[in-house]
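*Asks:* Turn these sequences into a full structure, and let the hints guide you.
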Amino acid sequence: MSMTQQAAAAVTTPPAPGPGTEKDGRTTERPLAIRLLARPEIGVFLGAVAVWVFFLISAPPVRDGGSMANILYQSSTIGIMALPVALLMIGGEFDLSAGVGVIASALTASMVAYQLSMNVWVGVIVALVASLGIGFLNGWLLMRTGLPSFLVTLGTFLILQGVNLAVTKLITGNVATDDISDMDGFSQAKALFSSSFDVGVVQVKITVVWWLAFAALATWVLLRTKYGNWIFAVGGNKDSARAVGVPVAFTKISLFMLVGFGAWFVGMHQLFAFNTVQSGEGVGQELIYIAAAVIGGCLLTGGSGSAIGPVFGAFMFGMVQQGIVYAGWNPDWFKAFLGVMLLGATLINLWVSRAATRR
Amino acid sequence: MNRTARSRSRKIAPAVAVAAAATLILAGCSSSSGGKKAEEEAGDISAGKADTPRMTVAMITHAPSGDTFWDTIRKGAEAAAAKDNLKLIYSNDESAADQAALVQNAIDQKVDGIAVTLAKPDAMKEVVAKAVKAGIPVVGLNAGMSDWKEQGLLSFFGQDEAVSGQALGTKLNSTGAQHALCVVQVQGAVNLEQRCAGVEKNFKGKTTKLYVNGADMPSVKSTITAKLKQDSSIDEVVTLAAPIALTAAQSVDETGSKAKIATFDLNKELISAIKGGSIEFAVDQQPYLQGYLSVDSLWLYKNNGNYSGGGEAPILTGPAFVDKANVDTVAAFAAKGTR
Chain A
1 MSMTQQAAAA VTTPPAPGPG TEKDGRTTER PLAIRLLARP EIGVFLGAVA
51 VWVFFLISAP PVRDGGSMAN ILYQSSTIGI MALPVALLMI GGEFDLSAGV
101 GVIASALTAS MVAYQLSMNV WVGVIVALVA SLGIGFLNGW LLMRTGLPSF
151 LVTLGTFLIL QGVNLAVTKL ITGNVATDDI SDMDGFSQAK ALFSSSFDVG
201 VVQVKITVVW WLAFAALATW VLLRTKYGNW IFAVGGNKDS ARAVGVPVAF
251 TKISLFMLVG FGAWFVGMHQ LFAFNTVQSG EGVGQELIYI AAAVIGGCLL
301 TGGSGSAIGP VFGAFMFGMV QQGIVYAGWN PDWFKAFLGV MLLGATLINL
351 WVSRAATRR
Chain B
1 MNRTARSRSR KIAPAVAVAA AATLILAGCS SSSGGKKAEE EAGDISAGKA
51 DTPRMTVAMI THAPSGDTFW DTIRKGAEAA AAKDNLKLIY SNDESAADQA
101 ALVQNAIDQK VDGIAVTLAK PDAMKEVVAK AVKAGIPVVG LNAGMSDWKE
151 QGLLSFFGQD EAVSGQALGT KLNSTGAQHA LCVVQVQGAV NLEQRCAGVE
201 KNFKGKTTKL YVNGADMPSV KSTITAKLKQ DSSIDEVVTL AAPIALTAAQ
251 SVDETGSKAK IATFDLNKEL ISAIKGGSIE FAVDQQPYLQ GYLSVDSLWL
301 YKNNGNYSGG GEAPILTGPA FVDKANVDTV AAFAAKGTR
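Protein sequences, first through last, are from chains A and B. The first sequence begins at 1 in the UniProt record's numbering and counts up one residue at a time. The second sequence begins at 1 in the UniProt record's numbering and counts up one residue at a time.
Hints were generated in silico from the structure; no laboratory data involved. There may be inaccurate statements among the hints.
[To be verified] Calculated pairs, DSSO-like style, for lysine-lysine (alpha carbon to alpha carbon, straight line, at most 27 Å):
no., chain 1, residue 1, chain 2, residue 2
1, A, Lys190, A, Lys169
2, B, Lys209, A, Lys169
3, A, Lys335, B, Lys87
4, A, Lys169, B, Lys258
5, A, Lys169, B, Lys87
6, A, Lys169, B, Lys83
7, A, Lys190, B, Lys258
8, A, Lys335, B, Lys83
Keep in mind the model is a prediction, meaning the values are calculated, not measured.
*Replies:* Below is the structure:
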């Protein structure tokens with residue numbers, strides 16, 4: 001919170017030069033607040049705060065702690081996927097199969113466990129292997145063919161969509177998986193992926209904790225490890241990166257596998273939260289993940305971004321989506337409101353970062 | 001290149017290890033409850049097979065792929081096809097233009113009969129007229145209650161969406177509900193809007209609409225949760241599809257709201273939810289019957305010249321209510337995914 005006040009003050013006060021001293025502006029260190037504002041995630045942070053304040057005023061139910069928990073839950077299911085998608089985007093690639101990948105993973109786990117009458121953990125592990133495999137395939141195809149990731153993953157997106165439906169129908173005879181909630185291991189897995197705990201009187205979903213933990217981990221990896229440097233390098237300029245000894249193929253393939261891991265995690269959450277999965281779900285979600293990453297300050301062209309930005313990007317998305325309902329606005333306009341609020345928030349983001357980096 | 005080859009072999013080793021470990025683990029990991037083993041059940045409906053000459057029937061719907069409701073329609077059509085010794089060509093597309101192209105495709109294949117849904121009747125008019133002109137008998141199902149006669153279809157099998165919505169509205173009057181929330185999972189779908197409008201027409205209390213993103217369950221759940229919180233006077237949630245109803249039950253549970261849940265359409269899990277009491281009742285339009293009857297009627301027309309409804313009246317397959325009183329008789333069929 002203190003950061004907001006600092007930042008807000010910086011916006012309202014003109015950038016006055018230091019008292020009494022006349023120096024050449026080029027060599028002075030710019031004030032801390034301005035330097036903070038220039039970071040890619042600060043713009044989206046302010047945008048998120050603006051949206052939050054807006055709904056605090058216009059939608060009274062948002063002021064309730066339980067509502068915030070609900071908004072955070074919605075944000076977390078987007079945010080957990082937005083993280084690896086953002087890392088991949090910093091690494092210069094897209095994954096359009098991320099949305100259906102979530103459902104593919106949930107279907108795999110559910111069908112393996114149910115059809116073989118196994119402990120559900122067997123399904124969970126097989127699904128993890130399958131999801132990482134899909135990620136590996138995406139990355140491998142990309143490196144092998146040199147095609148743009150847009151095309152490669154559009155292909156896997158369509159393939160997965162068809163496979164999800166056809167295999168589910170082939171194996172279960174239906175288009176949704178069977179209820180696995182009475183099977184061994186279900187309650188343990190539910191505790192890990194889909195439980196909730198009380199903070200005071202408010203029930204918070206465990207996905208929120210995972211989301212923030214993953215974000216912290218991703219930030220550390222990006223900023224403090226060699227692998228993090230590799231991600232920026234392959235996204236900035238692949239050939240220069242290779243020239244200075246960055247393992248480009250390894251970095252890109254592992255990033256796709258990371259998206260696979262995220263899809264697995266969110267897929268498991270959906271499975272253990274809702275007991276069954278419909279095979280047609282998930283289409284369109286990939287764009288929401290990408291949107292959260294872009295709103296969060298990741299460049300569409302790669303080489304720039306952060307892991308914290310997409311956290312606020314996902315929060316903004318969840319906040320707007322639920323805020324409109326809390327405010328009780330005419331539902332016919334829902335999608336239009338969503339679009340306007342997102343555009344507005346992104347503009348604030350852009351304006352802040354321009355204003356902060358201008359000399 | 002060397003590097004890639006090496007990293008690939010390095011990838012394969014752990015993968016093999018994981019696979020081997022998994023195989024070992026599998027042996028000791030059977031679930032003692034639930035699962036396929038517990039699903040012991042009778043086979044599909046089978047009632048012999050007709051010895052009439054083989055014929056081909058095309059069924060073309062506006063169904064989205066991977067939807068449990070439409071899968072039941074298809075199962076009904078397949079059951080009739082097996083029984084009547086006919087080859088069924090099933091195809092579907094949500095967009096009216098593409099659905100019309102599929103009908104044209106069936107005409108080109110010179111099929112012996114067409115069963116079609118008229119979700120957007122005006123868009124289908126031209127191609128249906130072509131089929132009729134080509135001498136192919138056409139019947140309607142599910143959507144198109146107001147247009148089938150005018151477009152020259154032989155019969156129509158379905159439920160009037162408005163009528164079923166009204167029936168649900170009337171039923172709510174008797175349960176004492178005051179404020180109903182109608183949850184629409186696809187924005188701008190005509191048949192769904194008709195259901196909500198029907199509820200609103202006959203329900204004496206207040207009806208509010210809510211749009212959710214049916215492709216993303218976590219978002220469905222938090223949106224319903226948000227609405228229940230925003231308006232605490234809601235005491236009835238009306239959903240338009242079974243999976244949405246089950247998710248709504250979780251939202252109601254979490255918010256501690258006193259709202260009851262009524263829904264359109266059934267599936268296996270919904271039946272157990274009605275049994276368990278978390279869902280009050282469901283309006284069943286008997287999709288299996290729609291698929292079965294439309295295909296069977298084409299067979300009858302070809303072999304005996306009969307047509308249901310005499311070309312005048314539609315054949316109504318719903319609304320039928322499923323609640324605690326009759327859920328047990330339906331349960332056995334729903335378990336097979338045919339009800």
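*Asks:* All hints are to be evaluated individually against the structure, with a verdict given for each.
*Replies:* Here is what the structure says about each hint:
no.: 1; hint: Lys190/A <-> Lys169/A; in the structure: holds (26 Å)
no.: 2; hint: Lys209/B <-> Lys169/A; in the structure: violated (33 Å)
no.: 3; hint: Lys335/A <-> Lys87/B; in the structure: violated (43 Å)
no.: 4; hint: Lys169/A <-> Lys258/B; in the structure: violated (37 Å)
no.: 5; hint: Lys169/A <-> Lys87/B; in the structure: holds (20 Å)
no.: 6; hint: Lys169/A <-> Lys83/B; in the structure: holds (21 Å)
no.: 7; hint: Lys190/A <-> Lys258/B; in the structure: holds (26 Å)
no.: 8; hint: Lys335/A <-> Lys83/B; in the structure: violated (47 Å)
This entry does not satisfy hints 2, 3, 4 and 8, going by the numbered hints stated previously.
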